[in-house]
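Colleague: With chain G's structure known, arrange chain X on it following the hints.
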Amino acid sequence: MAQYMFLLFDSEEWYDNVTPEEWQQAMKLHGAFMEAVEKAGAQVLGGEALERSSTASTVRQREGAEPLVTDGPFIETKEALGGYYVIEARDLDQALELAKLCPSGTVEVRPVMPTGADAQPPA
Amino acid sequence: MTRQPGTPTDVPSSAYPAPSAVEVARVVERAHRESWSTVLASVVRLTRDLDLAEDCTQDAFVRALRSWPDEIPSNPGGWLTTVARRLALDRMRRETNLRRKLPLLVEDPAGPDDEDQPTDPLRLVFTCCHPALARDSQVALTLRLLCGLTTREVAADLLISEPTAAARITRAKKKIAAASIPYRIPADEELPTRLDAVLTVVHLVYTAGHVAAGPELTRADLTGRAVELARLLVRLIPDEPEPQALLGLLLMTEARGDARVSEDGELVLLADQDRSRWDTPMLAEGVSRATAALKRGQGRFALQAAVAGLHVTAPSWEKTEWRQVVRMYDAMMVSWPTPIVALNRAAAHSLVPGADLEAVLSELDALGNEPALKSYAYLPAARADVLARLGRLQEAADAYRQAVTLTANEAERRFLTQRLAGLPE
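Here the protein sequences line up with chains G and X, keeping their order. Numbering (this note's numbering) for the first sequence: 16 to 138. Numbering (this note's numbering) for the second sequence: 56 to 480.
In isolation and in its complexed conformation, chain G is listed as follows (with noise of 0.2 Å):
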């Protein structure tokens, strides 16, 4: 089993007019996608919703001077980062064909690098 963290990429205008209905719909279909993980034989280890990137904060550390905080997040995207998963399937072929179930516009995949005690760093 590998470990992959699924970064939902969304346009966040969707917020701006959302009903409650609309909301408790896509909550659904959060639910039934980590159904079909589970039932794919493979498990949701992790994830959130995150709030509208206007709402982040980003803090880059600088030679010789204080870390600067700034508004805003760290790369502006017109689909932003709006949630993650962290999935546990056999392999990528796997972890593809779920995230082709996960309710948001763009998913990247990316796997999890081993970081236990006997863990080796990457090549």
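Calculated directly from the structure, the hints in this document are not laboratory data.
With a cut-off of at most 27 Å between alpha-carbon atoms, the simulated DSS-like pairs for lysine-lysine come out as follows:
| hint | chain 1 | residue 1 | chain 2 | residue 2 |
| --- | --- | --- | --- | --- |
| 1 | X | K229 | G | K115 |
| 2 | G | K54 | G | K115 |
| 3 | G | K115 | G | K43 |
| 4 | X | K230 | G | K115 |
| 5 | G | K93 | G | K115 |
| 6 | G | K54 | G | K43 |
Note that the structure is a prediction, hence the values are computed from the model and not measured.
Modeller: For chain X alone, coordinates are given in the frame of chain G:
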């Protein structure tokens, strides 16, 4: 009698004279072409480590050069697999405590680990052409792992620098290991899309050799590799029509190779080729493979092979059944509506006897806005041809000039320049 292959103390076991060095070199070379992927694939299943498996496979070939002068084994591929796997087992035993650079490949739940699993190379094929790898990497990795080319040879074949080739191969191997791209044959329901990616890579290898950038018109080593890869796929996936169709398409193109270049190295268009110079047996095989594939489906390569078949079975360029060719492109447009298919369709349409050239010209003009065709020399070349036939010579000349600046191939450039010079005053 059992012999330990590869030991330097091998003694010829037969009364026949030892094979000559030339003969050994030839047999090893042939085994490299025919068995590299089979040997490597078998070792990968054992080691689950691409680099280690490559090293051991390479070592087995080195040992063959050393020990085959005594006696050439009756089954060179089997000999190489046995030796490579033994070398791998030795190293795995010795290196259990050494740290690995990359995690092990993900495999199906272990089946019987016998040497000879005929579908092994297919795992390698699908791993090299996994959709999560960049197309460039798929091509480089396929040449490296399936054809057994060195990084330097991959670089030379793809006309890229050696560091670029090395970077593409290393990046792909790292992603396979770190992202757990499985060493597996896809399930039946995934097969059509996954197979399409594989066929695209093999076709790309062929095209890279067929319209080579630079001074030569073709690179026979690369086109030959592509034909071998297509043969491998047909052998491994005999039940699917598309690998057959691709092989047929490549053979029909390859068979015209000699006639495509004149004695002084100039490009000769299909229209002007001396059809008696075509390789008849190769054409016949291509046509029969294409026909067999077409009976079982109208996939992308089946339709392309059908077009090639209409060309090679026509008595002349003029007597080609252009209406049928257009029909095949129409069928392609339904499932693969790409600008290049549309361009080919328009070009074929212009050759149908009595075709409305003005209508063809508007078809071609409409394609002028396609980003995919922006730097594609065939579009202005096709326009130039139609414009010349309509008597709009000034515009034809402009279009030829545009095509000349777009082509990266010297022979094509000379050809287009001649067409330009040949326009009536």
